[in-house]
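All chains should be modelled from the sequences, with the hints used to inform the complete structure.
Here is how the chains run, residue by residue.
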Amino acid sequence: MPLDLNLETPDLWLALPQFIVFGLAIALLFGDAFVARTRHFVWLTGLSLVGYLAALVALVGQANENATTFYGLFRADGLTVFLSVIILSAAVLTVMVSASYVERLEGRMPIGEFYVLLAFSVLGAMLVAAAGDLVMVFVGIELSSLATYVLAAFAKRRLTSVEGALKYFLLGIFASAILAYGMAWVYGVTGSTDLDAIARSLAASVGGDEFLDPALLLGLLLLTVGLGFKMAAVPFHFWTPDAYDGAPTPVTAFMSVVPKAAAFAATVRIFVQALGPLRDEWVTLLSVLALLTMAFGNIVAISQRNVKRMLAYSSIAHTGYMLVGLAAYQATGGTGFGAGAGDGDQGVSSLLYYILAYNFMNIGAFAVVTWLQHRGRGLTLDDFGGLATTHPLAAAAMAVFMVSLMGVPPLIGFYAKYYVILAAIDADLLWLAVAVVVLSAVSAFYYLRLVAVMYFNEPEGQPRQADTRLLDVGIAGMVIATIALGLFSTPIIDLADKWESALTVAGQVAGR
Amino acid sequence: MNDQPLWLTFIVAFTAMNVLLAGMAYMTWFERKVLARMQDRLGPTRTGPAGLLQPIADGIKLLGKEDLIPAAADKPVFFFAPLVIFVTAIVSVAVIPFGGTVEIFGRDVNLFAADLNVGALFILAFGSLGVYGIILGSYASASRYPLLGGLRAAAQVISYEIVLGLALVGVFILSGSLSLRDILARQQETLSLGPIDIPNWFILSQPIAFVIYTIAAVAETNRAPFDLPEAETELAAGFHTEYSAFRFSFYYLGEYINMIVISLFASTLFLGGTGGPGSDRFWGLGIFWLLAKTIVFLFFYIWLRATLPRFRYDQLMGIAWKVLLPLVLLNIVFTAFIRLVANGELEIPVWVWIAVAVAVVALLALSLRPGGGGEAAPARTSAVGGD
Amino acid sequence: MPWDVLIFYLIAAVCVLSAAGVVVARNPVHSAIFLVLCFVNIAATFVMMGAEFLAVVQVIVYTGAILVLVLFVLMLVNPDDLPEFHAARPVQRYVGLLLGAILLLEVGAAIVTRSVSGEQGTATPDNIAAVGGNTQALGRVLYSDYLLAFEVVSLVLLVGVVGAIVLALPERLGERPSVARRGSISLSHPRGVDAALPEGRPAGETLIPTRHSTSPTRASGAVATGNDREVSAGPTPTGVVRDLVMTRDADAFGHMGDKR
Chain A
113 MPLDLNLETP DLWLALPQFI VFGLAIALLF GDAFVARTRH FVWLTGLSLV GYLAALVALV
173 GQANENATTF YGLFRADGLT VFLSVIILSA AVLTVMVSAS YVERLEGRMP IGEFYVLLAF
233 SVLGAMLVAA AGDLVMVFVG IELSSLATYV LAAFAKRRLT SVEGALKYFL LGIFASAILA
293 YGMAWVYGVT GSTDLDAIAR SLAASVGGDE FLDPALLLGL LLLTVGLGFK MAAVPFHFWT
353 PDAYDGAPTP VTAFMSVVPK AAAFAATVRI FVQALGPLRD EWVTLLSVLA LLTMAFGNIV
413 AISQRNVKRM LAYSSIAHTG YMLVGLAAYQ ATGGTGFGAG AGDGDQGVSS LLYYILAYNF
473 MNIGAFAVVT WLQHRGRGLT LDDFGGLATT HPLAAAAMAV FMVSLMGVPP LIGFYAKYYV
533 ILAAIDADLL WLAVAVVVLS AVSAFYYLRL VAVMYFNEPE GQPRQADTRL LDVGIAGMVI
593 ATIALGLFST PIIDLADKWE SALTVAGQVA GR
Chain B
454 MNDQPLWLTF IVAFTAMNVL LAGMAYMTWF ERKVLARMQD RLGPTRTGPA GLLQPIADGI
514 KLLGKEDLIP AAADKPVFFF APLVIFVTAI VSVAVIPFGG TVEIFGRDVN LFAADLNVGA
574 LFILAFGSLG VYGIILGSYA SASRYPLLGG LRAAAQVISY EIVLGLALVG VFILSGSLSL
634 RDILARQQET LSLGPIDIPN WFILSQPIAF VIYTIAAVAE TNRAPFDLPE AETELAAGFH
694 TEYSAFRFSF YYLGEYINMI VISLFASTLF LGGTGGPGSD RFWGLGIFWL LAKTIVFLFF
754 YIWLRATLPR FRYDQLMGIA WKVLLPLVLL NIVFTAFIRL VANGELEIPV WVWIAVAVAV
814 VALLALSLRP GGGGEAAPAR TSAVGGD
Chain C
876 MPWDVLIFYL IAAVCVLSAA GVVVARNPVH SAIFLVLCFV NIAATFVMMG AEFLAVVQVI
936 VYTGAILVLV LFVLMLVNPD DLPEFHAARP VQRYVGLLLG AILLLEVGAA IVTRSVSGEQ
996 GTATPDNIAA VGGNTQALGR VLYSDYLLAF EVVSLVLLVG VVGAIVLALP ERLGERPSVA
1056 RRGSISLSHP RGVDAALPEG RPAGETLIPT RHSTSPTRAS GAVATGNDRE VSAGPTPTGV
1116 VRDLVMTRDA DAFGHMGDKR
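Protein chains in written order, with our numbering: chain A, 113 to 624; chain B, 454 to 840; chain C, 876 to 1135.
No wet-lab data here; the hints were simulated from the structure. Only a predicted model underlies this, so the values are computations on that prediction, with no experimental measurement involved. We put the beta carbon where it would ideally sit given N, CA and C, even for glycine. Mixed in with the good hints there might be a few duds.
What the hints assert, rightly or not - Dumping the calculated SDA-like pairs for lysine to any residue here, alpha-carbon to alpha-carbon at most 20 Å:
#, chain 1, residue 1, chain 2, residue 2
1, B, LYS528, C, ALA900
2, B, LYS528, C, LEU1044
3, B, LYS528, C, ARG901
4, B, LYS775, C, LEU1033
5, B, LYS775, C, ASN902
6, B, LYS528, C, ASN902
7, B, LYS528, C, LEU949
8, B, LYS528, C, LEU912
9, B, LYS518, B, ARG765
10, B, LYS518, B, LEU817
11, B, LYS775, A, PHE142
12, B, LYS775, B, ARG734
13, B, LYS775, C, SER893
14, B, LYS775, B, ALA808
15, B, LYS514, B, THR500
16, B, LYS775, C, ALA1039
17, B, LYS514, B, GLY504
18, B, LYS775, B, PHE533
19, B, LYS528, B, ALA698
20, B, LYS528, C, SER893
21, B, LYS514, B, GLY476
22, B, LYS775, B, PHE764
23, B, LYS514, B, ALA524
24, B, LYS775, C, LEU1044
25, B, LYS514, B, THR481
26, B, LYS514, B, SER697
27, B, LYS518, B, PHE533
28, B, LYS775, C, ALA1043
29, B, LYS775, B, ARG765
30, B, LYS518, B, ALA698
31, B, LYS528, C, ALA1043
32, B, LYS514, B, LEU817
33, B, LYS528, C, LEU1033
Unchecked claim - In silico negatives: residues of chain C with every beta carbon more than 10 Å from chain B:
#, residue
34, SER906
35, LEU979
36, ILE986
In structure tokens:
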């Protein structure tokens, strides 16, 4: 009786971190309604931080899981844990960066709703990371994106915010439609939405050098376009500069990390786990996309004088670097980086490490921009003039983030690029590796220009005084992470290797 | 149920439709008479005995009027908008069962036009399509009063449709089916409460749902006291201000047929439909009982119109979203819960029952405490039609 | 049965034609009407495939709720006032046509050379009949196999509600929800360098100007040059905002009737 109502109880413990974030969102909704307005700032900020940290703690318990629940929709494995760590730490940092901004700047935005939407966006991204089914990937992306659209428009009385959010929304739902269409084709060909079942079906039907089924190719292309939009890869990046520029700065910091992490999570889940047998096709596609994205992002960023726009294009460029990691995926299992690593794939490991690194340095850069906005500065390069004389610590922090984004040892950004390049070389993609190096050199121009402006220009006017304790702590934490995680990169990449290998093993078990 | 030839189904549907149309005509007579009696008047008396020919006279008058089309009207839309409301209203009757399969002239005849296994939703779906007749007509008139009336109608019908649909969920949970025939069959069973046998009508097990359904149905059909889309004191005649003659008559027909269908639907879902003394022996009695219940329902409609003043627009929306919707959701949760417990699929320890009882009593005490909760926040005026 | 096929082709033809009508019609209300027609016909094809529940839900949700809201909004705002999304860039049109043609060819090729590699699913007609019908089968799958996705979708709706309230509710009493006017937003090209308003100014300076007087006799044409507080910095095309209330003069309703 295949259609019997077979209500097995799902193993809820496997999804504990996700449930904590869900509970946090609901608690925030009620807190917003029932806590006195004057206490919102302290209570809701505290609640958010406690909630995300609790979820992080709960993740520790999941470290060695490799199982599915909810009828295969939910997957608790190494990839889930690693990506969830990134997403949750980004959430914690965003709360630290945004609290005082939301409370004080842009005419006091409603902080309760801000945290609620943030929590739902985080939950959506975590569900994508844990998805075991195309439906779940789509629903998670939608949950995450929908909340982010609203967050981007949060400064609703500033036209640039509304405009950026509108573009983000329109192109985002367009991308979702394309993504869903691509999923429909994949489902149509393979007869299942379950990622492992798709892999099984494809492994059985796609083999050798026979001509690729056009339906499959179409599905692959549509999926690439849809996910490309979400991760802001060229040529699907058009929304990025305006949306990043218009959104409130802490939201930009969030948008540049969590939806991107969710998009890459979806890409790894779909392309590596489900469409693994089609590796040869999508690797070519992604390498071209990676090259375009890196080149365009870096070159256009040079001409930007608005720091948020510059960081937006820089984030496009970093999407390119991450795509290089994905393009270096070798279906054979690879050898892994670390000493004790198993058969984790270098490409995916380097991608995971890159997202982790990018998380700290990019949110850090936007955090410093926020910090300056609190002190009445604008967003152009000139507003950063002489920062080193007026606020030496902030300037130093910004310099660390810039240099790390550029990829200078011994900071975390260097190791991220280093592993990506290693993976690319290992996958015989020497040209991509060379492109990463050359374009990093190009990016030095605009990153170092900002540093130069801060250190060699004269300051204009007197800055306003502001008390931003939480933000200060956050920036300090991110500086430390940027330096320390670079120095101790080996254990992390081992971890990425090991956790990613769980996925590969699962795929092989399912596939063979 | 049997597979009957298409022509027989056609005859049944044709009969039902014509009975419905005639019923609609005499509904207007009935309404005028009842209203008049309630206002201590006589109502129509001149045309025919007791004014029985009045609907026919009205119809002839309507057809004889000049057909006016505003110069700025969107003509194609203006033409078909009244048809939408008429057709959607009349199609709904197809799924209402007037009885089971009976033998007439030695032939098995199904006393329903179609047995859809989602019959109840079918009526809701066509009810929701009916609103297009209103908003398109109001848009096509290129005039302000109709436009405002149309906007009000759209907002009102969407809001109350949610309530209406959710009110039925309790019935669906209890009957385990969306088919009107199955729901009817469930209500033919008898419940034994000790010495007395009572029919298993869903009005008894779902009283809250029935009350909410009745309120929402009145709003769905734009009748007093929820007739804001055509509130004559504010909007002239509302959405059909620019319509006259034949086209207007379609709106008129549509509105009354909608009322009758909604009443038939309510009788079927809550009042046991064709059930009644003797209905299991002779199918004609079943139809009689169904129609009798429907007429009681329709009388209630008219009674409301004669009694209640019209709501303000924000009150109308407030009732739907702040009162009826939470209530109906509670009803669904409660019904599902009871069903699970009654079927033995959910074992509840005694202490939970006690805890729940204590909590309920405590909540009641808290909310009844003077100055405690209970008062709703002052309503925010709606942007549409509020000013 | 040829009758079935004939009816199917009829429904499909109406469906495709009305879908084309959605794109071709110049009056947005007509587009919406065509879309209603298209959806109802899609529901009819569902019925023909034996999926009555899906058909009815399609009608209730799409035509009964979503498109009514679309019409509602179309009637509430003057279509002429909507932001201009059609960029005057012919290149895009040609590239778009080219890409569309390629996609069409791909779809065609995919359909012609179709190959299905997966195993057959469990939702066969026999199995569906065994559980009592399409509705029951759908319910079973929805609440078991796709339970988590189903629940997450409800969260998506919750986020939608929260977002709508955040964006639409006035922050202060008396403030009107506002929309940007045509010309202020363009999807075709990113803003120029340094076009953004610098942030971090004291609140109030970077606000979208809102109008508080809602005189019913003001012609809509006068809005752009009216007495609005325009606060713009640099080359930013500042939007002028119109209230979302139906208090415009009769001229503004000209679009309701005129046929284009």
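Going through the hints against the structure:
{"no.": "1", "hint": "B/LYS528 <-> C/ALA900", "verdict": "holds (15 Å)"}
{"no.": "2", "hint": "B/LYS528 <-> C/LEU1044", "verdict": "violated (37 Å)"}
{"no.": "3", "hint": "B/LYS528 <-> C/ARG901", "verdict": "holds (15 Å)"}
{"no.": "4", "hint": "B/LYS775 <-> C/LEU1033", "verdict": "holds (17 Å)"}
{"no.": "5", "hint": "B/LYS775 <-> C/ASN902", "verdict": "violated (36 Å)"}
{"no.": "6", "hint": "B/LYS528 <-> C/ASN902", "verdict": "holds (13 Å)"}
{"no.": "7", "hint": "B/LYS528 <-> C/LEU949", "verdict": "holds (18 Å)"}
{"no.": "8", "hint": "B/LYS528 <-> C/LEU912", "verdict": "holds (18 Å)"}
{"no.": "9", "hint": "B/LYS518 <-> B/ARG765", "verdict": "violated (34 Å)"}
{"no.": "10", "hint": "B/LYS518 <-> B/LEU817", "verdict": "violated (60 Å)"}
{"no.": "11", "hint": "B/LYS775 <-> A/PHE142", "verdict": "holds (18 Å)"}
{"no.": "12", "hint": "B/LYS775 <-> B/ARG734", "verdict": "violated (46 Å)"}
{"no.": "13", "hint": "B/LYS775 <-> C/SER893", "verdict": "violated (39 Å)"}
{"no.": "14", "hint": "B/LYS775 <-> B/ALA808", "verdict": "violated (28 Å)"}
{"no.": "15", "hint": "B/LYS514 <-> B/THR500", "verdict": "holds (13 Å)"}
{"no.": "16", "hint": "B/LYS775 <-> C/ALA1039", "verdict": "holds (18 Å)"}
{"no.": "17", "hint": "B/LYS514 <-> B/GLY504", "verdict": "holds (15 Å)"}
{"no.": "18", "hint": "B/LYS775 <-> B/PHE533", "verdict": "violated (36 Å)"}
{"no.": "19", "hint": "B/LYS528 <-> B/ALA698", "verdict": "holds (16 Å)"}
{"no.": "20", "hint": "B/LYS528 <-> C/SER893", "verdict": "holds (18 Å)"}
{"no.": "21", "hint": "B/LYS514 <-> B/GLY476", "verdict": "holds (19 Å)"}
{"no.": "22", "hint": "B/LYS775 <-> B/PHE764", "verdict": "holds (15 Å)"}
{"no.": "23", "hint": "B/LYS514 <-> B/ALA524", "verdict": "violated (24 Å)"}
{"no.": "24", "hint": "B/LYS775 <-> C/LEU1044", "verdict": "holds (17 Å)"}
{"no.": "25", "hint": "B/LYS514 <-> B/THR481", "verdict": "holds (14 Å)"}
{"no.": "26", "hint": "B/LYS514 <-> B/SER697", "verdict": "holds (11 Å)"}
{"no.": "27", "hint": "B/LYS518 <-> B/PHE533", "verdict": "holds (19 Å)"}
{"no.": "28", "hint": "B/LYS775 <-> C/ALA1043", "verdict": "holds (19 Å)"}
{"no.": "29", "hint": "B/LYS775 <-> B/ARG765", "verdict": "holds (15 Å)"}
{"no.": "30", "hint": "B/LYS518 <-> B/ALA698", "verdict": "holds (5 Å)"}
{"no.": "31", "hint": "B/LYS528 <-> C/ALA1043", "verdict": "violated (35 Å)"}
{"no.": "32", "hint": "B/LYS514 <-> B/LEU817", "verdict": "violated (58 Å)"}
{"no.": "33", "hint": "B/LYS528 <-> C/LEU1033", "verdict": "violated (41 Å)"}
{"no.": "34", "hint": "SER906", "verdict": "holds (12 Å)"}
{"no.": "35", "hint": "LEU979", "verdict": "holds (31 Å)"}
{"no.": "36", "hint": "ILE986", "verdict": "holds (31 Å)"}
Comparing the model with each numbered hint stated earlier shows that hints 2, 5, 9, 10, 12, 13, 14, 18, 23, 31, 32, 33 do not hold.
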